[in-house]
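Sequence lines, in order, name chains A and B. Anchor point for the first sequence: position 142 equals 1138 in the numbering used here, and the numbering is continuous, going up by one each time. Anchor point for the second sequence: position 411 equals 571 in the numbering used here, and the numbering is continuous, going up by one each time.
Be careful, since some hints might not be right.
[Said to hold, decoys possible] The calculated DSS-like cross-link candidates involving lysine-lysine, where the alpha carbons are at most 30 Å apart (straight line), are:
#  : chain 1 : residue 1 : chain 2 : residue 2
1  : A       : Lys1180   : B       : Lys341
2  : A       : Lys1238   : B       : Lys330
3  : B       : Lys494    : A       : Lys1172
4  : A       : Lys1170   : B       : Lys497
5  : A       : Lys1049   : B       : Lys563
6  : B       : Lys563    : A       : Lys1180
7  : B       : Lys494    : A       : Lys1170
8  : A       : Lys1007   : B       : Lys293
9  : B       : Lys341    : B       : Lys448
10 : B       : Lys497    : A       : Lys1172
11 : B       : Lys209    : A       : Lys1238
12 : A       : Lys1225   : B       : Lys209
13 : B       : Lys293    : A       : Lys1150
14 : B       : Lys494    : A       : Lys1224
15 : A       : Lys1235   : B       : Lys330
16 : B       : Lys192    : A       : Lys1180
17 : A       : Lys1224   : B       : Lys341
18 : A       : Lys1225   : B       : Lys497
19 : B       : Lys448    : A       : Lys1235
20 : A       : Lys1238   : B       : Lys497
21 : A       : Lys1225   : B       : Lys330
22 : B       : Lys448    : A       : Lys1224
23 : B       : Lys192    : A       : Lys1049
24 : B       : Lys563    : A       : Lys1235
25 : A       : Lys1005   : B       : Lys293
26 : A       : Lys1170   : B       : Lys335
27 : A       : Lys1172   : B       : Lys335
28 : A       : Lys1049   : B       : Lys569
Calculated directly from the structure, the hints in this document are not laboratory data.
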Amino acid sequence: MSATQVKSKPKVAFFDFTSCEGCQLNKLNFENDLLDILEQVDIVEFREAMDGKADSYDIAFVEGSISTPTCIERIHKIRRKAKILVALGQCAVSGGVNAIKNNFSSEWVQETVYGQDKYLFPSIPAQPISAVVKVDYEVRGCPMSTPEYLHIFKSLVLGRKPEDFDYAVCVECKLKENECVLDKGMFCLGPISRAGCGAICPSNGQYCTGCRGMVSNVNKNGAVEMLKKHGFSTEEAIKRMKMFNTNEVEKQISWGR
Amino acid sequence: MSTDLQINVHHLTRVEGHGNIVVDMKNGVLHKAQLDIVEPPRFFEAMLKGRNFHEVAIITSRICGICSLGHQLTSLKATEVALGLTISEQTEILRKILVHGATFQSNVLHALFLATPDFLNVGSVFPLINTHKDVVLAALRLKRLANDIGDAISGRAVHPISCVPGGFTKLPAEKELLHIKDMLLKEAIPDANFVIDVLASLADKIPQFERETEYISVYSDKEYGLYDGDICSSDTGLYPVEKYLEVTNEFVTPHSSSKHAKFNRSSYLVGALARINNSHALLKPQAKEAAAKLGLRVPCYNPYMNTVAQVVEVVHCVVDTIELIDKLLDMGIKQEKPNQEVTRYGRGIATTEVPRGILFHDYTYNRQGMIEAANCIIPTGQNLANIDDDMKKLVPEIIQEGKEKITHKLEMLVRAYDPCISCSVHMLDVEFLE
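Just chain A, with the same shape it has in the complex (with noise of 0.2 Å):
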């Protein structure tokens, strides 16, 4: 490699919102190429594991939800420092877990935690980053898959378009010829849940549980009557599907009640 070439390395930053930062700790988990990807691209910013602060950035990751309203002044600031911006996990591309807690009144939710203290504490519904700021890329999962996150940290390096995945969890479970979890009589999501994953929960005998969103052209009330015929009520069917996707749900369902 050219002494040029090295001068010219993508400037890499992480960032971290409202998450378990489980998708960060996810990328030191690639122990075997870390010191590879590290003479490819310098890390200017990355709080949980570094001291030191950059001006602009080439790629920034972005982990969690947007919850409240410092959250939401910081993302600006990342953004307008970006070239590319990349949501990381679940928490960034939909709101995750966290948004579990949009379901119910925020006065609620404040007050089950914190009692008679809640108004010292300010929240907002937990959002995507996308709700706030374009996101160019997303690595979707909770959590994260590491070797779909290598990929497409690789693709962008490289300066190419990472796929997406836009079919269900059954075509990859399928592949792995497990048996059907819901014929086991357990509850699956696989039907109508984003693959990228190769069923990798359905693989160790849990169910899938939607934690890479739902497929882009899904069949609402199709999903419900499959779960109903399952024997899954309604309400039953939806909860579940909102464990990592309220956003979604929310936005999308006007169905099966």
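Based on the hints, put chain B in the right spot on chain A.
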């Protein structure tokens, strides 16, 4: 002597979550020395309302990405108590192995990637890749192996999949366990020994500061307390887990953004140092040797030594995992289904040691099997009052060292506690006046 000092570290780096350090001293009188927490609140207790037992642990593991396993297991144990579910010996051993993996993963990450840069006067682990590549590689291998344990037994190290109330939805193959054991023997033990030698050579970089406080941890007389046991206070002894509210006494202070905790004194300490102070006798012999090599003698009153205590625990966890795998292989893996035959609906309280300290989950299920009330008390919240008390003693002691050095020592102090701020679901978002 009159001395003025103002320190305001905004968004402290190399800790999990968002916190500020604020110190205000005028004419030699310390008005303020505290850690402000500016993490957005997350409201997990409210989010659990109306969820059934299949969903609860999936949600609570999302409290924290670093301690997701600990939150999940504590959640499962609380649910099992509330619903009267019993688990098999095999499930218990597998869970103990998972706790070991998660503990040494997190301890390696903190001690070597977040804290060690301070001992070598750099701002992050990244410059060390060039100057201390062998240490970084050993740490990466240890971390990778710890994550492999999580992947093999629970399907995924971050937000585990196959641990459910009553057992596991998928069991590891014997050859996977053999492989892990093999790697622990061949790789993890030499790597851990190497890391200990390196840290031992840096012993003089650890600030000398002592403040005796109350140390609270899980305690079991059968083994080093991690997966389960009673609550142990170094001041007043053992308490059953059901009494956790009498021990934690969470309270809101007007000058702080977060609920603090106290028991017999104005504050108490949780985490690796508390565990070692309370359960040193139950460490594996190899871990005791490591402690001696690193100059950790109990009782230890230096909070900066928490980082060292974490490394000692790495050795304990590695050695005990090997023994637990042997035990499992002797028993033979039984293909059993999770026991989800609910025998009652009620309240369940459970505790586990997560890397940062003692964790409590407390659930009440109604007759429809839905969560009626939930409470989670997180280690970092319990440490905050103790951090403030440390700062109040430390600042006057080092006031002659100049602002830059003082700031650095305070940052190191907070980092030594390995705070996990987004974990702390009780934390509040408040604007502060400097």
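Which hints, by number, does the structure contradict? 1, 6, 14, 16, 17, 19, 22 and 24
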